[in-house]
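Engineer: Listed below, chain by chain, are the residues.
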Amino acid sequence: MKLHLPPRVSPKTFDAMLTAAAGVVGKDWVMATDADRDAYSDTYAPGDAEEWPAGAAIAPANVEEVRAIVRLANEHKTPLWPVSRGKNLGYGNAAPRLAGSIVLDLGRMNKVLELDHKLAYCVVEPGVGFFDLYEQIQREKAPLWLSVPGNAWGSVLGNALEHGIGDTSYGLHARNLCGIEAVLPDGDLVRTGMGAMTGNPAWHLFPMSYGPTFDLAFSQSNLGIVTKAGLWLQPAPETSLELVWDIPAVDDIGWVIDTIAPLKISGLIDQNVFIPSWLGKMVLKGQRKDFWDKPGAIPDARVDELLKQYGLGYWQVALRFYGDEGVVKAKAEVVKAAMARNLATPPAEHWWHPGDYIHGIETTMGIPSAVPLQMSDWIGGRGAHMGFSPVVPATGKHVLDQMHRSRKIIADFDVDFYASFTIGGRFANNVNMLMYDRDNAEEVLKMRRLFDTLIGETAKAGYAEYRTHLGWMDPVMDTFDFNDHALRRFGEKVKNALDPAGIVAPGKQGIWPAAYAANRGGKA
Amino acid sequence: MKHLILAAGLLASAAAVAALPPGPPPGPPPPYQMRGEAPAGDRLKPGGDGKVLFQVHCGYCHLLGGMGTNLLTKQRIMAGDTPDKGLLANRTDLTADYVHSVVRMGKGAMPVQTKVDVTDAELDAIAKYLGKAS
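Chains as they are written, first to last, in this note's numbering: chain A, 1 to 524; chain B, 525 to 658.
Some clues are possibly wrong.
To be verified - Stretch-level coverage of chain A by chain B, calculated; a stretch enters the list once three of its residues show a Cβ under 8 angstroms from a Cβ in chain B:
no., stretch
1, 28-35
2, 100-111
3, 362-372
Derived by calculation from the structure, the hints in this document are not laboratory data.
Owing to the predicted nature of the structure, the values given are computational and were not obtained by experimental measurement.
C-beta: ideal position from N, C-alpha, C; glycine also.
The task is simple: from the sequences and hints, build the whole structure.
Structural biologist: This is how it looks when you write it as structure tokens:
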């Protein structure tokens, strides 16, 4: 990819920045060839990856190098785009929002600094991936379980900071963060919570600060660069039981939510309950052409045939309990009785006891894997995906309303419907997975129009997305319209105060510093 | 354990050769979920152990059970090869140049790897290890 310079930065100044940075991190860790820029582009870009081009990448080895690079970036007015490991697949990978930004790749900062077996937490640097942490836990035989996303290549901290969601009792990953160290946009270094006191041993245990609590202000944020953080982990349970129901019809999702959400809210169910539609299971069975070889959405009649042939329901509820066997049994009876009011078929039951084989592709047991990414092979070619991810109240009424609307829009665009709902408590998180071939220009264009339509129509109905791809960060922020977009105005006041040169991740989540206000928009 | 069964299905033919446990017996994690530790020292220094570096930097997809192995096993079978050739380490037709190019250019579902993911020195050692046809 050719060089794109940031706004108002001359080639000479850009080179001077890179030369100065090489003095900090070493020349090999300043990456500025065309091939390097390709490596930091959006692998799954809906269209040309040059829409979100990095100017270069710099990889510091420690917090002092991060601080030095931030100071240099202020001096040269070169915006930085920090990434933990740069594997934010489906949302932009490592690519920056503002063209020409220098990716600050924290992948070399990959130490597990603490792993506390008793108080069940870790302290990690941003470059630690889920596989790395899992392996460290295995090596130490620590009685701890992870909560993982579908792609475990990614960073543990990066995923939590981007509000990633897993399918365990610890599945709201941002909620597990406790005690953050961050480099501020002027190069200053701050520690939140009890860590604000030098050497305080409760830093990663007590989740609030004395006074305003800023931890989550560094999530989906451009207010600082997180260089390490504490993260609570689930104690390994004594036993675990999975109950699996195949739910026959598409509209059954309404009663399923009304059955499960109250039990989740009451605390009887600990887990984030993930409910994918049938296509989530089919993508692992082969390629689309093996099941339907025509363009356009798979017709309902063929879907019915496939469900029969493979013994699938339209939805699948795989609900998992963790803990003492007697307690798990008792809880399971309550849920089984509640589900039996609408579904006569009893669930399949899968017990796990310590010593049983665990290392499959079991995200509900915190096992890291990249295998769910095999769905990128469903369409074939340079497979890619984007997720349209609104949040709705966890009631059957809201979920059906959301599902009917997005299903109709997706059908109108003649695209396969692949949805999931995750019940995380009082809300249900709806991910609509859109899979496409990056090299089919017509299909890419259709997906982009579809994405625009989904955002617009969903906002009209009063719901918003919790996370989105680079290309839609501004349109989604636009949907948060209360009091003339007061949330954005507040975010930008804070941004401008902390980062007058606007050098940390300008445009992240639609928060634009004054220095780059002219770059707002650029709608995908 | 439905996911495990699914995975076993994908690997059914590979399993006969490469011996992934067919059911859920007790045991350690499969190789792709228990890579060796990264060698200590300067990642920019040439002459590293290609096998170790392959396991550390490519292993979570390309060891037994990994996503890359699963996809490649299907591809190799379709190409008339034996299923064990889904593991890159069993391939005899790869050249070092080809390994370089796939890692730095990407291929199919595999994204381009950055120099932080794998340094040039590490890639040289890995390409030498995998490039048995060079």
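Engineer: If a hint holds in the structure, say so; if it does not, say that too.
Structural biologist: Each hint, compared with the structure:
no.	hint	result
1	28-35	holds (count 4)
2	100-111	holds (count 3)
3	362-372	holds (count 7)
Hint compliance for this structure: every hint is met.
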